[in-house]
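Visitor: Spelled out, the chains give:
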Amino acid sequence: MAPGIRLQRTLSRAVVGASDEQQLVYVLLEATPEGLPTQMPKLPLNLCLVIDRSSSMRGERLAQVKEAANRIIDQLGQEDYFGLVVFNDRAEVIAPSQRALNKTELKAAVGRVEAAGGTEMATGMALALQEIQRPMLSRGVSRMLLLTDGRTYGDESRCVEIARRAQSRGAGLIALGVGNEWNEDLLETMTASENSRARYISSASDVAAVFAEEVQRMHAVFAQRVRIQLAARPGGLVRALDQVRPFIAPVAIAEESDLVWGANLGDWTGHEAQSFLLELVLPPLALGEHAVAKLTLRYSMPSAGTQLQQIEDVVRLRAVPPAQAGYQVDGTVKHWLERLMAYRLQSSAWQAAESGRIEEATKRLKMASTRLFDAGEVALARTVEEEATRLLRSGVASEEGRKRIKFGTRGLLGGATEERETGSS
Amino acid sequence: MIICENCQSRQFDGAIFCLECGANLQPRRDPTRPLPQGKSAGATPNLRPAVTTTARSGASITLVVLTTRQRITLDASEELLIGREDAAHSIHPDIDLGEHGGYDAGVSRRHAILAYRNGEYSVEDLGSANGTFVNGKRLEPHAVARLSSGDELACGTLPLRIELP
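Residue numbers (this note's numbering), protein chains in the order written: chain B, 16 to 440; chain W, 18 to 182.
A couple of the hints might just be wrong.
Said to hold, decoys possible - Calculated Cβ distances over 10 angstroms to all of chain W for the following chain B residues:
| # | residue |
| --- | --- |
| 1 | T138 |
| 2 | L297 |
| 3 | K349 |
| 4 | E353 |
| 5 | R359 |
To be verified - Some chain W residues well away from chain B (every beta-carbon gap over 10 angstroms; in silico):
| # | residue |
| --- | --- |
| 6 | A76 |
| 7 | S77 |
| 8 | A93 |
| 9 | D121 |
What the hints assert, rightly or not - Covered stretches of chain B (chain W as the covering partner; in silico rule of three or more C-beta atoms under 8 angstroms from a C-beta of chain W):
| # | stretch |
| --- | --- |
| 10 | 23-36 |
| 11 | 118-132 |
| 12 | 243-251 |
To be clear, the hints were calculated from the coordinates, so they are not data collected in a lab.
These figures come from a predicted structure and were not determined experimentally.
Each residue gets a CB set at the ideal place from its N, CA and C atoms; glycine is no exception.
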C-alpha cells in the first residue's frame with residue numbers, strides 16, 4: 016500500500032429532513048496515516064530553545080529546565096540542529112544553531128546558564144528566530160521551544176509579531192508556561208497558528224517529560240504542509256472548522272473564492288490522532304440524495320518523495336420527509352462538539368469577565384461545566400464550577416483555575432499527555 | 018429554524034448546541050414516546066402527596082445533584098416518581114429534575130421510580146429515553162436495582178449521589 020493519509024468522515028446525521036430552509040450538519044473528520052514504513056526516516060530537526068532565566072526561575076525550576084535541555088540534546092541525532100537562547104531583561108545566544116555533534120560542549124553551555132533579572136521575552140524570541148533560520152534545511156521540521164514562568168511587560172505585541180513571522184516561515188512555536196505567574200493569553204495568542212501549541216506545566220518536575228515528548232512529536236512528523244479545501248453548494252456555507260484532536264484549537268478558515276473555503280493544517284505527527292469538526296450549513300434540500308460538499312486534502316509526505324499528494328472526498332446525505340428524519344445524532348460527533356462547546360464557552364466567559372460582565376461570565380462558565388459533565392470530564396467540570404462560584408463571589412477567578420480551565424478544556428493540561436479514550440472507535 | 022429555549026436566539030435546524038449560549042438544543046427526546054405500560058401512569062396522582070404527608074420515619078433519602086451540588090432530601094415513601102414536570106400533561110413528579118438541568122441531561126418526564134420497601138431503597142427505570150444508570154451501569158427498562166448510600170444514580174446524563182442516614 017502506498018503511504019498516505021486515510022480520512023474517515025462521520026456526520027452528525029446522515030439523513031436529514033427535506034426543507035426549504037438552511038440547516039446545519041456537523042462533520043467529524045478523522046485522519047490516520049496508512050502504509051507508513053515501520054521504520055520511518057526521521058526528518059532532520061531544527062530546534063531552538065528559548066529559555067526564561069529571570070530571577071523567579073532560580074533554584075528548582077532552572078535546575079529542571081537544564082536537566083530537560085540536556086535530555087533533549089541526548090535525543091538529537093547527527094542530522095539535527097540545536098540552538099539555545101536565554102533571556103531576562105536582555106537576551107543572549109548561548110549556543111548558536113549547530114548540528115548536535117559535540118553534545119558535551121552543548122551541555123556545558125547549558126550548565127553555565129544562571130538565573131537573574133527580569134522578563135523581556137520579545138528580544139529572546141527575535142534572537143531565536145534569527146538562529147532558527149541559520150541552517151539551510153531543504154526539508155525538515157523547524158520549531159522554537161519557549162519556556163517561561165513569568166509575565167513580560169510592554170513587549171507582548173512584538174512577541175506575537177515575531178511568532179507569526181516564524182510560523183509563516185514554517186517554524187512552529189511550542190510555548191510552555193511553568194507555574195502560575197505567566198500570561199496565558201499571550202502564550203495562547205502566540206501559538207494560535209499551525210505547528211504551534213501552548214502547554215501549562217504546573218510542576219517543574221514535569222518539564223523534562225514535556226520537553227522529551229515535544230521532541231519526540233517533532234521527530235514523528237509524517238505529513239507536512241497539510242492543507243484542506245472545502246467546496247460547499249450554492250446556498251450552503253462552511254460555518255466553522257475546529258481541530259479537536261490531538262487538542263482543541265480553532266482553525267483559521269477563509270472563503271478563498273466563491274463557495275470554496277481553505278485552511279492550513281500544518282505538519283502531522285504519526286502517533287497522534289488528527290480530528291477536525293466541521294460545521295456545514297446546508298442549502299435548502301429537496302427529497303433525495305445530495306452531494307453537499309467536496310473536501311480536498313493536499314499534503315507532502317517526506318517518506319514518499321516530495322511531490323504533493325491529494326485526497327478527495329464528497330460529503331453526501333439523504334433528505335427524507337421531515338417526519339421520518341428523527342433527532343438521533345451520532346454519539347462521537349456529539350462528544351467532540353460538547354468538548355468544543357465547553358472550550359468556546361470558557362473562552363467567551365473570560366472575555367466577558369475582562370469587560371466587567373461578571374454575571375454573564377459566570378453563566379457561561381456554568382454552561383461550560385454542564386457541557387463537560389455531559390462529556391464525562393467530571394474533574395474538569397468541577398474545577399470550572401468552582402471558578403464560576405469564586406468569580407461570582409469575588410469578581411475574579413484564580414490564576415491557577417483560569418489556566419487549568421483554559422488548557423484543560425483544550426486537552427493541553429499538565430505533564431506528559433495521556434491519550435484519553437472517549438468511547439469513540 | 019430552532020429557537021433556543023435558554024436564550025431565545027434563532028439557530029439552524031440540525032444544530033445540537035446553541036451557538037450563543039451553549040445550551041443543548043436537541044428536542045425533548047420523549048415527547049411522543051409511548052408511556053411505559055404499567056403502574057407509572059396511573060400511580061402518579063397517588064405518589065404526589067407522599068413526600069409531604071409521610072411522617073418522617075428516620076429513613077429519609079438525599080439525592081445530591083452532582084452538577085449543581087444541590088441536595089434534594091425526601092422522607093421515605095413507598096414510591097417516588099423521578100422525572101420532569103409537565104403541567105400540560107399533568108405530570109408532576111415527586112422529584113422534578115427539570116429544575117436541575119434535567120431537560121439538557123435528557124431526563125424523561127416519567128424517568129424512574131425510587132421505591133422504599135422493607136427498609137431498603139431501590140430504583141426502577143420506567144423505559145426512559147436516555148436510561149437510568151447505577152454506578153455507571155445502565156438498567157434494562159423496568160429493571161429494579163438496589164441502592165446503597167454513596168451510589169451514583171444517573172438519569173440520562175444527570176448524575177445524582179445517593180445519601181442515606
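Visitor: Look at each hint and say if it fits the structure.
Guide: Status of each hint after checking the structure:
1. T138: With a cut-off of 10 angstroms, T138/B remains clear of chain W, as the shortest Cβ separation is near 41 angstroms.
2. L297: violated (8 angstroms)
3. K349: Answer for K349/B: violated, closest chain W Cβ roughly 6 angstroms.
4. E353: For E353/B, whose nearest Cβ neighbour in chain W is about 7 angstroms away, the distance does not exceed 10 angstroms, so it is violated.
5. R359: violated (7 angstroms)
6. A76: holds (29 angstroms)
7. S77: holds (26 angstroms)
8. A93: holds (29 angstroms)
9. D121: violated (6 angstroms)
10. 23-36: holds (count 6)
11. 118-132: With 0 residues closer than 8 angstroms to chain W, the stretch 118-132 of chain B misses the three-residue bar; violated.
12. 243-251: n = 0 at 8 angstroms, threshold three: violated.
Hint violations for this structure: numbers 2, 3, 4, 5, 9, 11 and 12, all remaining hints satisfied.
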